[in-house]
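As a plain string of letters, each chain reads:
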Amino acid sequence: MSFRKPSVLPGFGLTLGFTTFFLSAIVLLPLAALVLAAGSMHWSEFVAVVSSARALGSYRLSFGASALAASINVVFGFILAWTLVRYEFPGRKLIDALIDLPFALPTAVSGIALTTVFAQHGWIGRYLEPLGVRIAYTWLGVTLALTLISMPFAVRALQPALLEVQRDLEDAAETLGATRFYTFRRVILPTVLPALLTGFTLAFARAVGEYGSVIFIAGNLPMKTEITPLLIVIHLEQFDYRGAAALGVVMLLMSFAVLLTINLLQAWGRRRHVRAAH
Amino acid sequence: MSITLEQITKRYGGVPVVNDVSLHIGDGEFFVLLGPSGSGKSTLLRAIAGLTAVDHGRIALHGRDVTRVAARKRGVGLVFQNYALFRHMTVADNIEFALRVRHMRARRRRERRQELLRLVSLVGLDDRLPAQLSGGQQQRVAVARALAHEPEVLLLDEPFGALDAKIREELRRTIREVQRELGITTVLVTHDQEEAFAMADRIGIMNLGRLLESGAPHELYSRPATRFVATFLGAANLFLARSSAGSIQLGAATVAAGEPPSDAREHEVVAVVRPEEVAVAATRAALGPAFVGAGVVDEMVFSGALERLRVRLENGAAAPLLATADGAAATCLEVTRTQHEQRAFALRAGQSVAIGVRRVHVLPTPLSSFAACAASAPEAETLARQPLLAELAARMKTRIAVRCEPQLGAAGERTAADAPFVGATVIASEAGAAQRAAWLLERGASEVLVLPAQAAEPQRVLIHWLDEAARAATLAVSASVLRHVPAEAVYVGILPEETRAAPRRHGLRWLLEARSEAQAVHGLEMRTELRFGEVAQELARRLAEAPGEMLIVGVSDLERFAERFGALLDGGRWPVLIVHRAARGTVGASP
Chain A
71 MSFRKPSVLP GFGLTLGFTT FFLSAIVLLP LAALVLAAGS MHWSEFVAVV SSARALGSYR
131 LSFGASALAA SINVVFGFIL AWTLVRYEFP GRKLIDALID LPFALPTAVS GIALTTVFAQ
191 HGWIGRYLEP LGVRIAYTWL GVTLALTLIS MPFAVRALQP ALLEVQRDLE DAAETLGATR
251 FYTFRRVILP TVLPALLTGF TLAFARAVGE YGSVIFIAGN LPMKTEITPL LIVIHLEQFD
311 YRGAAALGVV MLLMSFAVLL TINLLQAWGR RRHVRAAH
Chain B
19 MSITLEQITK RYGGVPVVND VSLHIGDGEF FVLLGPSGSG KSTLLRAIAG LTAVDHGRIA
79 LHGRDVTRVA ARKRGVGLVF QNYALFRHMT VADNIEFALR VRHMRARRRR ERRQELLRLV
139 SLVGLDDRLP AQLSGGQQQR VAVARALAHE PEVLLLDEPF GALDAKIREE LRRTIREVQR
199 ELGITTVLVT HDQEEAFAMA DRIGIMNLGR LLESGAPHEL YSRPATRFVA TFLGAANLFL
259 ARSSAGSIQL GAATVAAGEP PSDAREHEVV AVVRPEEVAV AATRAALGPA FVGAGVVDEM
319 VFSGALERLR VRLENGAAAP LLATADGAAA TCLEVTRTQH EQRAFALRAG QSVAIGVRRV
379 HVLPTPLSSF AACAASAPEA ETLARQPLLA ELAARMKTRI AVRCEPQLGA AGERTAADAP
439 FVGATVIASE AGAAQRAAWL LERGASEVLV LPAQAAEPQR VLIHWLDEAA RAATLAVSAS
499 VLRHVPAEAV YVGILPEETR AAPRRHGLRW LLEARSEAQA VHGLEMRTEL RFGEVAQELA
559 RRLAEAPGEM LIVGVSDLER FAERFGALLD GGRWPVLIVH RAARGTVGAS P
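From first to last, the protein sequence lines stand for chains A and B. According to this note's numbering, the first sequence is numbered sequentially starting from 71. According to this note's numbering, the second sequence is numbered sequentially starting from 19.
To be clear, the hints were calculated from the coordinates, so they are not data collected in a lab. Honestly, I wouldn't trust all of these hints.
[To be verified] When the alpha-carbon atoms are kept at most 20 Å apart in a straight line, the in silico SDA-like pairs for lysine to any residue are as follows:
1. A:K294 x A:H305
2. B:K184 x B:D210
3. B:K91 x A:L239
4. B:K91 x A:R237
5. A:K294 x A:K163
6. A:K163 x A:T153
7. A:K163 x A:A174
8. A:K294 x A:D238
9. A:K294 x A:A174
10. B:K415 x B:A474
11. B:K91 x A:F251
12. B:K91 x A:A174
13. B:K91 x A:T249
14. B:K91 x A:D238
15. B:K415 x B:Q404
16. B:K91 x A:E240
17. B:K91 x A:Y252
18. B:K91 x B:R136
19. A:K294 x A:A123
20. B:K91 x A:T253
21. B:K91 x B:A71
22. B:K91 x A:R250
The task is simple: from the sequences and hints, build the whole structure.
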């Protein structure tokens, strides 16, 4: 461990101690309790709970829909962030503020609102129904809700990175003969790739943990539209605390695995740059 | 490859940032666009590169019209102030970018890259990332990258802006060597005149979107045509002097005029004296006929090879001093002396000295100064504070005198004014303004500006002359005004109503001639409009069509002037500048 030079805030020992305590009390302790609760189960019992068909179905939906929602948000978040960063138009500030709205709204409200619009007889749902497209009470609805609530994470992660892509870079590429698409693929995308990954990670993490908005629009049919957090709540309602904890541990491990993979990918990307330099 | 620009105009929100610029840059020439920030030079460069679309005009590269051709097909290389390197790519990938786009084979790419790295002296740094290079090295990479696809034009946008002095010097030399070796036509944009002198074959000076002058560095320095160029390119002391047949009166000194004056009658001119052309001596006798006046050394700064002095002129001793290079105190003269001169005559601050001039250059500008004129002193002083007038005078680095004429505009005997009218005389636009303007013109004022109290900076300057005799002077005055306001110039040709049905060919040719004369003689680009009807009425109608207009009108015959122009001048909402030149052969109205 190397001690950095003292900064404006005094007392490295004090601040490190506080950091450790804070993390332990707020993050690690509850997680440890979760693992302990699950640990009190017998192994076969644990496996039976977490690998039941209903649980497997819920993982698929939870992680699949979250990954889809995060991907959608990376693509459209990029366009949104690009528009906000690059163009000056009336109402820009307003749109910029609107993006944060899903942060502030209680997620249950978002869920109810979405259901109102997309249900069979809702404002939009009633026009989709004849086309054979049903959004509410299907996996589409789940994805929609997750996209809504994780959208700000992707946009806000991308905005600062896009601000740093100077227009000069595009101009330089253009005078060197590159088409717009080539410039996008070879200049802009590589420059903002780390931010894109961060945006994906944040949106994904947020979506996996989401509960409030989904339960209204999902319909919660076991095996079909039941997300893992809901399954956990169902276990809790039946006073099956250990079963809930077991599912919680599985979610924890899977989320951790995904986040770790992305972080390692980013680190690998950085290392590759540095290696290329020597 | 030569570059030809014809009447390039680019507006942002209606304001022209590049205003009617025409320019030809020869094959293999190193051309420097010099100007203060916001003068439009970078926009012009981007227009040549194809990154900014122009609103009007034509761009040709070696005779090929590229005005509508995309930047990537123009075959130009561009270097930016902040390098604009692709930070996720190595030096090699950066340089090869343009070659990859063109699907060049890897081996050929590598060869070309090695060649370019040699050219910019960066051999062996292929695998570095931009972040691992110094600023100077990064800019060298940017130059190599811009040259990779063998462009025929190299454009440099303030390429040394972010570098420190020593690196800057080195890179300058490299770029100049590369440019000579490849014989590539190059345009460099900068606000640094030293840089311009060091690199340019030719310099073009821009201000307020206009290309004011272009020429070889020494020519521009010794014979500038405009106040702006005189003060922007090197330091300059500007004086108001009086010119009469062949000689120039500057304070106590009479200096032979370098070129025969265009105007034989005595008139006020703006004279430029470079700091190194000011002589300082202990006594008047030591200076002989070069003596201008007495002064006191205000400040001395040692700056290596040269000594810089600020010498305050003693009251009444010299000609009115307009401004020094920094535009600040108009009472201090800027002087530089060599080591040799310092040894010959050592000075200390506070010392009284005699001041002389060795060489005077007279600017051909027809607008030397302003005089706010009214029947009473308070009115004249109020007029002198009019914002547009104050702004114009500040930009022209000239002064506004206050003049009280109690008889102004009075009818009756034509009495001579006490003192001759010099410069442009300014009167307020109100009832009776036409009468007053006529009064002034009859008494020898050659330019009269009728100015409404709320007049703001014009967006368009309409130009018209009633008599051919006034044409040259009107064009010269218009060019002078338009160098100082970012407005469009519009020549309004007016033919009698009855010719409307007749072939327009006659009128059109006349318009085109006026335009080409403005371009050839004054570098002034103007649009043209043709109207039919009675002159004064048509002008009034045209002025009322849009806000933000100003009129410059040339006259030589003052017969019934007040009657004819009453509607235009009495309380008009627009500024009108009347230029009066008597027809040749007739005796001037001035006594």
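Results of checking the hints against the structure:
1. Taken as a hint, the A:K294 and A:H305 pair is honoured in the structure, with Cα atoms around 17 Å apart against an allowance of 20 Å.
2. Taking the CA atoms of B:K184 and B:D210, the gap is near 15 Å; set against the 20 Å cutoff, the hint holds.
3. Restraint check for B:K91 and A:L239: satisfied, since their Cα atoms lie roughly 17 Å apart, inside the 20 Å limit.
4. A hinted pair counts as satisfied when its Cα atoms are at most 20 Å apart, and B:K91 with A:R237 qualifies at roughly 19 Å.
5. Distance restraint check for A:K294 and A:K163: the Cα-Cα separation of roughly 40 Å exceeds the 20 Å cut-off, and the hinted pair is therefore not satisfied.
6. For the suggested pair A:K163 and A:T153, the alpha carbons sit about 12 Å apart, so the restraint of at most 20 Å is met.
7. The straight-line distance between the Cα atoms of A:K163 and A:A174 is roughly 17 Å, inside the 20 Å bound, and the hint therefore holds.
8. The straight-line distance between the Cα atoms of A:K294 and A:D238 is roughly 50 Å, outside the 20 Å bound, and the hint therefore fails.
9. Our distance criterion of 20 Å between C-alpha atoms is broken by A:K294 and A:A174, whose separation comes to about 29 Å.
10. Between B:K415 and B:A474 the CA atoms are separated by roughly 19 Å; this keeps the pair inside 20 Å, and the hint holds.
11. Proximity of B:K91 to A:F251 is assessed by CA-CA distance (about 15 Å); at most 20 Å being required, the pair is judged to hold.
12. At roughly 49 Å between alpha-carbon atoms, B:K91 and A:A174 are farther apart than 20 Å, so this suggested pair is violated.
13. Restraint check for B:K91 and A:T249: satisfied, since their Cα atoms lie roughly 10 Å apart, inside the 20 Å limit.
14. Restraint check: the Cα-Cα separation between B:K91 and A:D238 comes to about 18 Å, which is no more than 20 Å; the hinted pair holds.
15. Between the alpha carbons of B:K415 and B:Q404 the distance comes to roughly 16 Å, so the proposed pair stays at or under 20 Å and holds.
16. As the CA atoms of B:K91 and A:E240 are separated by approximately 15 Å, the hinted pair is consistent with the 20 Å bound.
17. For the hint pairing B:K91 with A:Y252, the CA-to-CA distance comes to about 15 Å; that is within 20 Å, so the pair holds.
18. A threshold of 20 Å between alpha carbons decides the hint, and for B:K91 with B:R136 the separation of about 27 Å lies outside it, so the pair is violated.
19. With a CA separation close to 11 Å, the supplied pair A:K294 and A:A123 stays within the 20 Å bound.
20. A C-alpha spacing of about 15 Å is found between B:K91 and A:T253, which places the hinted pair at or below 20 Å, so the restraint holds.
21. With a C-alpha separation of about 14 Å, the suggested pair B:K91 and B:A71 falls inside the 20 Å cut-off, and the hint holds.
22. Only pairs whose Cα atoms come within 20 Å are accepted, and B:K91 paired with A:R250 is accepted, the gap being roughly 13 Å.
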